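Chain by chain, the residues run as shown.
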Amino acid sequence: MVMVDPRSFISLLEGQDWYSGQIVAVRELPAKEAEYAAEARLLEAPLPEPLERYLAARGVRLYSHQVEALERIRSGENVVITTPTASGKTLAFNLPIFERLYKDKKATALYLYPLKALTNDQLRAIRELEEETGLDLEAAVYDGDTPQHLRPKIRERSRIVLTNPYALHEYLPWHYKWQRFFQNLRFVVIDEGHRYRGVFGSNVAMLIRRLRRILNYYGSDPQFILSSATIANPEEFAFKLTGKHFKVISRDGSAHGPKYLIFWNPLKYPARSAHRQTSDLLALHVESGLQTLCFTISRRLAELVARWAKEAAPERKLASYRAGYLPEERREIEQGLKERELDGVATTNALELGVDIGQLDAVIISGYPGTVISTWQQAGRAGRGHEPALVTLVGFENPLDQYFMNHPEEFFSRPHEHAIIDLENEHILMGHLLCAAAELPLRRSELDLFGAKEEDLEPLEQEFLQKTSLGWIYRGTVRPVDLVNLDSISERTVRVICDGELLETMDYNRALEEAHPGAVLLHQGETYLVKELDLERDEALAVKEELDYYTDALKVSKVGLLTERESREVGGFELGLGEMRVTERVIGYRIRRYERTLGLKELQLPEVEFETTGLWLALPSSLREEVERAGRGWPGGLHGAEHALIAMAPFYALCDRWDIGGVSTPFDPDLEGPGIFIYDGFPGGIGITEKLYELLPEWVEATYRLVRDCSCEEGCPSCIYSPKCGNQNQPLDKEAAVMILEAIREALTVKAGA
Amino acid sequence: MKEGGLERIAEQLSRQAARIGEQERLQEREVGLYLPSHLSQERLYEAERLKRALLVEFAGASLEELYNCAEVETEFGPALRLEEFVPQSVALFDREGSYRLLTSQLQLLYGIGPVVARALRERGYRTLEDLVAHPRFGVAATQLLQALRRRDLARLKAEVERWFCPSHPLTLALTGLVEGRLAFFDLESLGLFGRPLVLLGLAQPVDGGLVIEQYVIRSIVEERAALAAASEALTQAEAIVTYNGRAFDINYLEERLSYYGLYRPVDRPNFDLLYHARRCFKHLLSDCRLETVERYVLGVKRPFDLPSALVPEFYITYLEERNIGPLVAIIEHNKQDLVSLAALLSRLCSESERERW
Chain A
1 MVMVDPRSFI SLLEGQDWYS GQIVAVRELP AKEAEYAAEA RLLEAPLPEP LERYLAARGV
61 RLYSHQVEAL ERIRSGENVV ITTPTASGKT LAFNLPIFER LYKDKKATAL YLYPLKALTN
121 DQLRAIRELE EETGLDLEAA VYDGDTPQHL RPKIRERSRI VLTNPYALHE YLPWHYKWQR
181 FFQNLRFVVI DEGHRYRGVF GSNVAMLIRR LRRILNYYGS DPQFILSSAT IANPEEFAFK
241 LTGKHFKVIS RDGSAHGPKY LIFWNPLKYP ARSAHRQTSD LLALHVESGL QTLCFTISRR
301 LAELVARWAK EAAPERKLAS YRAGYLPEER REIEQGLKER ELDGVATTNA LELGVDIGQL
361 DAVIISGYPG TVISTWQQAG RAGRGHEPAL VTLVGFENPL DQYFMNHPEE FFSRPHEHAI
421 IDLENEHILM GHLLCAAAEL PLRRSELDLF GAKEEDLEPL EQEFLQKTSL GWIYRGTVRP
481 VDLVNLDSIS ERTVRVICDG ELLETMDYNR ALEEAHPGAV LLHQGETYLV KELDLERDEA
541 LAVKEELDYY TDALKVSKVG LLTERESREV GGFELGLGEM RVTERVIGYR IRRYERTLGL
601 KELQLPEVEF ETTGLWLALP SSLREEVERA GRGWPGGLHG AEHALIAMAP FYALCDRWDI
661 GGVSTPFDPD LEGPGIFIYD GFPGGIGITE KLYELLPEWV EATYRLVRDC SCEEGCPSCI
721 YSPKCGNQNQ PLDKEAAVMI LEAIREALTV KAGA
Chain B
1 MKEGGLERIA EQLSRQAARI GEQERLQERE VGLYLPSHLS QERLYEAERL KRALLVEFAG
61 ASLEELYNCA EVETEFGPAL RLEEFVPQSV ALFDREGSYR LLTSQLQLLY GIGPVVARAL
121 RERGYRTLED LVAHPRFGVA ATQLLQALRR RDLARLKAEV ERWFCPSHPL TLALTGLVEG
181 RLAFFDLESL GLFGRPLVLL GLAQPVDGGL VIEQYVIRSI VEERAALAAA SEALTQAEAI
241 VTYNGRAFDI NYLEERLSYY GLYRPVDRPN FDLLYHARRC FKHLLSDCRL ETVERYVLGV
301 KRPFDLPSAL VPEFYITYLE ERNIGPLVAI IEHNKQDLVS LAALLSRLCS ESERERW
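Protein chains in written order, with my numbering: chain A, 1 to 754; chain B, 1 to 357.
Don't read these hints as lab results, they were simulated from the structure. Predicted, not measured: the structure shown is a model, and the values here were computed from it. Ideal Cβ placement from N, Cα and C applies to all residues, glycine included. Treat each hint with caution, since some may be false.
Derived CB-CB ranges, DEER-like [said to hold, decoys possible]:
no. : chain 1 : residue 1 : chain 2 : residue 2 : range
1   : A       : 356       : B       : 150       : 51 to 61 Å
2   : A       : 501       : B       : 192       : 19 to 29 Å
3   : A       : 501       : B       : 55        : 35 to 45 Å
Straight-line alpha carbon distances no greater than 30 Å define the calculated DSSO-like cross-link-like pairs of lysine-lysine that follow [to be verified]:
no. : chain 1 : residue 1 : chain 2 : residue 2
4   : A       : 153       : A       : 116
5   : B       : 157       : A       : 177
6   : A       : 153       : B       : 335
Bound conformation, chain A alone (with noise of 0.2 Å):
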């Protein structure tokens, strides 16, 4: 097989008649050498002769940051793994894992991971290691899909156990059945750890903790091993989760060719769609003999570019792929990619995720995947050995995307994102404070552990708790492990129901602009279409349907200032940080196919209202003045500077744009005149906008460049539009928006200069 050259290709495509200036940048990262540790501590001791064996029968050499990890784990540390995709992670926790459960012929370990999905994946890893080691570890996954005839030897066997925190949080209770193994665990590995973000790692961060003090019942105390993408701030995050000190190992000692990474804007091309200019792409690095995998943001999209590009390209393989396959589908499609059978895949972010396909030529990114983590995951799909490269990121109509194709220089020179984990939330803290005495009653010296004070039980004292000489013991009468839902903040939940089966349930605030009548609801790369919203049962009721529009719920929200955390002054702008009680009403909804609105339609549902934290912004009334005799609108600007802060908000704080919610008003009762609020989406808050604060300067700064360099001439989709806008994103006044976050920006470098 021929590599293509990519300078070369990339004269292909533009000599293309559907070529119009659409690349705006080409990027070529370097090759880089592998770094191996220096011989003389290769290893300060051979491993076992079992796994020597395998390596040198696999011809294995460790590169250096995989020696590094051994040698820490060795010594007893807890690891953070932050290298990248296909460097060889997995290897480099598993072989003093491995070592470790070969010299104590008692000891266990147990691995979890965010998804079912993964799990038999990573068995089938493990299993390997087993057979070509000879060491008999029985390692098995233990989940709902475990028949029941099985669980009882695994729990009583088993030295490795692969599961996933909603089976641990449903277990935990039946600790005692896993004696043996949680008394000898040594090692807990999180693998994917950047994915226990927001509200899910925030309730995974405590049941971690539950997880630590059932642990420490039995009297073990293992060692933590992370494996995560690049996050801006891998220590803090996986202290946060843990509890626990970590080592963070980032240095990448594992050799790659060349990358290069292509910036596509298919906005300087509006004849053809975005999609269409992905099945083009896709079709053409077929043709060129490139092995292609091209990441699309939903499974009908992933259908339609394969089709697409197979009706350009008949005589290639190509197929599509997606989480809801059956696994033989699934498994014949990775096995096609790793063959090199299949020439191009069209897929959801499923496989984003480590399910082993091999490496590939070439990748193209539909539509920025919302965070720099996953971009880089998604484009570290691409790259065999020392071949070069190829990556493109196809920039959709919206603020993030447009500002990427805008300033292609950002996307490399920022950090990623901060992976944010709260542990301060009280409902989420709450919930599973009542999960953790119902598993070994909670003594007052383990409160610390939760972050919990003593008078936070109080209240649950009412009806759930009681105080005993033992500690708090559970006395209520349902499970508590059932009020806790680990992907949402413990409180009202909403099923989402279609044909009898429970789909998913999420928070009440959130159904109500997911799951409203008329909703097409996307649910693994599927679509739904939500049919009732039957708030006295808190049922919604969906059928699967396919569906090439979407909706976007429309929303309207006051906010009302309770406390005041921190704030201060910059010229003339005052900036605070605290907890607000935020009113929402979801009005209606706006049903758009891609970027285009087809219409709208009114919803009667009802206010919700809650409390949570939020960041102001407080404005000079001589800004106003200035923006007036500018001639521009004072409304508007506010307005258009609250949609692009929002836009911009997830290349900070690792969240969904939807996570957070905004406010502006020219004349703020609290703030005694204009004002621009920010606020967590959830109640009690979530930490983001407390990171935002945090992060205020550099945010600011990226927005105003985003609305500044927008090519558009009054505000578009890709600067101050907002596709939720309650107010049908009236008024709004770009200029005048760009010369209040200017002015924003210019109070905040002063104060950083000063």
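Dock chain B against the given chain A, drawing on the hints supplied.
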């Protein structure tokens, strides 16, 4: 956190709990035989009326006035034990019959299936005793006979269940070998696992009747002592008889013991009559809950009817109202369960003896 924020969260949790409780009650849950799908609105009203009547009837009353109560001292404080004699005799397999039946089962030995068994019988090997001299099966036959003579129930039960299914009447024949205590066991709880117990009931056959021992948990602080006392009583027994105990009562007991750091496996042989009831009666009945079986097979009519699913609600009312009325209903309900369990075992044994197999 804001003023009153914690209270608000606690209230939200309460509402969520109420919703889940409601759903749970409406769902069929095989595991605890909480099958309240049949719980019509009518029966719920009836239970509510019963509860109100009990609150009136027992206002100001104490358990001590009504029952023969004793405080059992345990390492963890006193446990309240109610004791009562019920003139309900238990008819088990007779010892001789059990022995004969078991020794005639050549298939209890490894390597002997139906075909080999028939061949052996044709050659004159009719019992395990005959097989003692057999060159291939002699050793195994001798070992099993020794277990029979030692009345090693755990071993024998394991063997029977290895080659036959748990609902096989042969299992019941093993009860005929019990010489010491046989304990019927049934517990009442605030739900299915992970929640506190309310009552642990045991019954022991004696001449002419049953001695019922109930450990009543008057408040959760007594749970640990009650668990310790009841599990101690269970370990005194040679074998345990339960209804769905394999999945529920024994598991639950172990879980609660472990919660208090008192875990020890309840490893007495457990004869779970649910399997046998299913085998015998599932064609005749709509379901095999003990309440259904006792009503249609044993002809028991309860004086008042507290559905199992409402035990938590009655208990909570007892706690909140500080009135033993609803607790009395739970105590009586549990007592009737134990009595029915004993009657059911007698019935199953006699049915099995009549069966030809």
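Okay, the hints, checked on the actual structure:
About 56 Å separates the C-beta atoms of residue 356(A) and residue 150(B), a value consistent with the hinted range of 51 to 61 Å. Taken as a hint, the range 19 to 29 Å holds for the pair residue 501(A) and residue 192(B), whose Cβ atoms sit roughly 22 Å apart. Look at residue 501(A) against residue 55(B): about 42 Å separates their beta carbons, and that is inside 35 to 45 Å. Taken as a hint, the residue 153(A) and residue 116(A) pair is honoured in the structure, with Cα atoms around 20 Å apart against an allowance of 30 Å.
Using a Cα cut-off of 30 Å, the hinted pair residue 157(B) and residue 177(A) holds, with the two alpha carbons roughly 23 Å apart. For the hint linking residue 153(A) to residue 335(B), the alpha-carbon distance of about 36 Å lies beyond 30 Å, and the restraint is violated.
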